[in-house]
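K.L.:
Residues are numbered in our numbering as their position in the sequence shown, beginning at 1, plus a constant of 1028.
In short, the hints are calculated from the structure, not lab data. Fair warning: there could be bad hints in the mix.
[What the hints assert, rightly or not] Derived DSBU-like pairs (lysine-lysine); straight-line CA-CA distance at most 35 Å: (1) LYS1179 with LYS1167; (2) LYS1179 with LYS1038; (3) LYS1128 with LYS1099; (4) LYS1128 with LYS1038.
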Amino acid sequence: MQLITLKIDKPETTNFILGQTHFIKSIEDIHEALVNAVPGIQFGVAFCEASGKCLVRWSGTDTAMIELAQKNAQAIAAGHCFIIFLGDGFYPLNVLNSVKMVPEVCRIFCATANPTEVIVAETEQGRGILGVVDGFCAKDIEGDEDILWRKNLLRQIGYKL
């Protein structure tokens, strides 16, 4: 077995969701979950088929996000993984529960805009995702000023009253 780390290749502020599913029907069901969660959403999704032709299946509403999803899924190449890239102004917070509720979805590894590395195990049979490195190491404990900044930010962007 070999361990491989793969960097998710994306623009700095682009959000994505990386997960695992189990059936070819997932690509259409994830697409439907996204468009039903947020009307007008711009996204691309790709899914690594783990049997049959073992193709990267894909869908979406935005050409650039579809291309990002295809490229990153092909690089990861782990059976039954999927990756969703969200267009500018769309966030995992608004779609994550809908994606989790897709019957074929087994797990979510991350939902982030941070620089991310995917830890992949490769055997003679194929590849599997072991986990992710999402962002950077914690550096300190938040203080009173940091708490105030966090609370103000959440209210400023409309996530808290």
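K.L.:
All hints are to be evaluated individually against the structure, with a verdict given for each.
P.N.:
Okay, the hints, checked on the actual structure:
| no. | hint | verdict |
| --- | --- | --- |
| 1 | LYS1179 with LYS1167 | holds (20 Å) |
| 2 | LYS1179 with LYS1038 | holds (29 Å) |
| 3 | LYS1128 with LYS1099 | holds (23 Å) |
| 4 | LYS1128 with LYS1038 | holds (23 Å) |
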